[in-house]
Amino acid sequence: MIREEHLQDWRDAALSVETEVRKAVIGQDTVVRLINVALFARGHVLLEGDVGVGKTTVLRAFARAIGGDFERVEGTVDLMPNDLVYHTYVDADGKPRIEPGPLLRHGERLTTFFFNEINRARPQVQSLLLRAMAERTVSAFNREYSFPHMTVFADRNKVEKEETFELASAARDRFMFELRMETPRDPAVRRALVFETGFHDVDALIDRVAPGILDWQSLNSMAAAIQQSVSASEALERYVMDLWDASQNPAAFDVRIDGVDMKKLILAGASPRGMSALLRAARVVAWMDGRTHLVPDDVQAILPSTLGHRVFFTPVYEMRRAQIADALVAQIIEKVATPR
Amino acid sequence: MTLPNRASRPLPLLVCALMFATLATAQTPPAPVTAAATDTISDTISGTAPVAVEAAADGTPPAAAPDLEPTPAAAPQGRQAQVDQPRAYGHTLGDLLTQRVLLEINGQPVDLGKPPAPGRVGVWLERRPTRIESDGEGRRWLVIEHQLINAPQALTALTLPALDIATSGGLLGVPAWPFSAAPLTPRNAFAQGALEALQPDRAAPAVDTASIRRQIALWGALCIATLLGWAGWLGWRSWRAGRNQPFARALRELNALRGRGNDAPDAWQALHRAFDRTAGRSVQPASLSHLFERAPHYAPLRADIERFYAQSATIFFGEGKPADTLPLHSFARRLRSIEKRHEA
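Going down the list, the protein sequences come from chains A and B.
The opening residue of the first sequence carries number 2 in my numbering; numbering runs sequentially from there.
The opening residue of the second sequence carries number 164 in my numbering; numbering runs sequentially from there.
Hints should not be assumed to be uniformly reliable.
[To be verified] EDC-like cross-link-like pairs, simulated, lysine to aspartate or glutamate; straight-line CA separation at most 16 angstroms:
(1) A:LYS159 - A:GLU118
(2) A:LYS336 - A:ASP243
(3) A:LYS24 - A:ASP208
(4) B:LYS484 - A:GLU235
(5) A:LYS336 - B:ASP439
(6) A:LYS265 - A:GLU319
Just so you know, the hints here were simulated from the structure itself, not pulled from any lab data.
Please work from the sequences and hints to get the whole structure.
Next comes the structure, spelled out in structure tokens:
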């Protein structure tokens, strides 16, 4: 049984994970906070962003701060599902050898799995990964391998479209957050990133992060305790239901976007899985803020990252997804009133 | 001649009469003048203070009596001057009689010494300031103008006084000049039947204005009705807008909830909706800055507004009612007064 003092200790630990990661990554405070939230809500994260903004560095810093093993896979066109599971080769004695692939290699020690450029991998690979994400198990060699502490981070390359396989909407829905990592705008941060030599050596940068701040094996039970410790009032429930309705029928909440016919925009609103992910994440935000109840600001803090990739647009508007999704979520936050 | 002293007659009539007299001066045929007007002129003259009459040309002080006539028979002592005399007949009230005296003695030009003084000359005449004119041959003439300032009741013979004018060459004599003055109109023209007294002006025939009046009344009423309707509509619109303003509405809702206590959730929600409408979006503690950006006039109440949001969060999302809740009624009234001030 986890007691309140434990929760308090874990909260301090969670905040110090953030502090440590910020030693290695500057100018990405929101992304760092949301990744931390996802870790404690036990959700997977789809990272999207410019090239070379430090996605891998953030993840490596997190992996080091939480402890456990880090694994990274590059998505390519010829990558097959088996490549994730096992690795075949001929050894020095000329005998064929089969060894566990990147997914199985670390066993239960795997905490951070980074799939780079997931949209370059074929749908078969994506679906294997999705199963691993949903169930945290993989069948191989006639048995089940489980990695209960794994968090999947996938990166989607937004720049190139050739030889890519866009993630299906069902696949996107399995990620708790879709985080956009942009090049920092603050001139001081930009200057530091370019001129401070400390930021040029990634390994040295990662070494700045204090390792193993948490007991990563307790992360799951702690996440469950966090969920139980934070309550939601009736008014907040109404608010979240309104948000859900608004994601399905924005016109009813007077949500308007320039140049968009709101009646024809939405194919499907957020899924029940999406809304439960929203609440899980919001509870972690409240817990990190030292509260035992949810307030609308908790929900609003994670709504753009949770809802944006979960609303399915009609094909006419799908091409303008990035632009419309941001505007839609911003408008929903503006128009849905609470307490009601 | 009897001139009743009625100096209290109204001034406008006098002005009219004087204008008329000026017209008459322009040698137009005598126009009919009402008895009243004539009376007024006479009255005015008789009502004046005693007038100094310039006596003969020897410079002796004028007599003080107002009705003293200049002696018409008195011959001037100086040398007979060449004088252009005015017409002797057909003068009426207001006419100017102009004498032009050649400033020469024995064919020699002379300079004017002391000109005849302007002012009242007897009952009938007023002398204007004299002036000197030159003619085409370079000769200089002294111009003496007398205005007839009284109206006789019947045709009367009067005299321009004889004058002695002092010049550098001695006295220059201007002889007296008799002239006749006629009344503007007789008192009784025919003295028979209805033709006795002076007749009033014939009334101008009245044009029938009834239909014009009706039209003016109709269109005026329509115009006023339109303006009233317009003003009423504007007033009603601003009244309704005022009623619909966020905090006006919240205050009404709060008043309706009065019986249910200050801290009914509906009361808090009413104020939340008012803040949302003021900010044009849903406002939460984290987005309060939007409210003050959009409506900076609420900034003086910032502390209370923040307290309201903190307490509301406790009530709706947290552990329940906080210890000392904000008095919502007075809070809403303060917000409403700011809203009203800002609207004006």
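Q | Pairwise hint evaluation, B:ASP439 against A:LYS336, where the allowed Cα distance is 16 angstroms at most | A | holds, 9 angstroms
Q. B:LYS484 and A:GLU235: Cα distance at most 16 angstroms?
A. holds, 15 angstroms
**Q.** 16 angstroms limit on alpha-carbon distance, applied to hinted pair A:LYS159 and A:GLU118
**A.** holds, 9 angstroms
Q. Within a Cα-Cα threshold of 16 angstroms, do A:LYS336 and A:ASP243 meet the stated pairing?
A. holds, 10 angstroms
Q.
A:LYS24 and A:ASP208 were given as a pair; does the straight-line alpha-carbon distance stay at or below 16 angstroms?
A. holds, 10 angstroms
Q | Restraint status (C-alpha distance of A:LYS265 to A:GLU319 at most 16 angstroms) | A | holds, 12 angstroms
Consistency note: the structure conflicts with none of the earlier hints.
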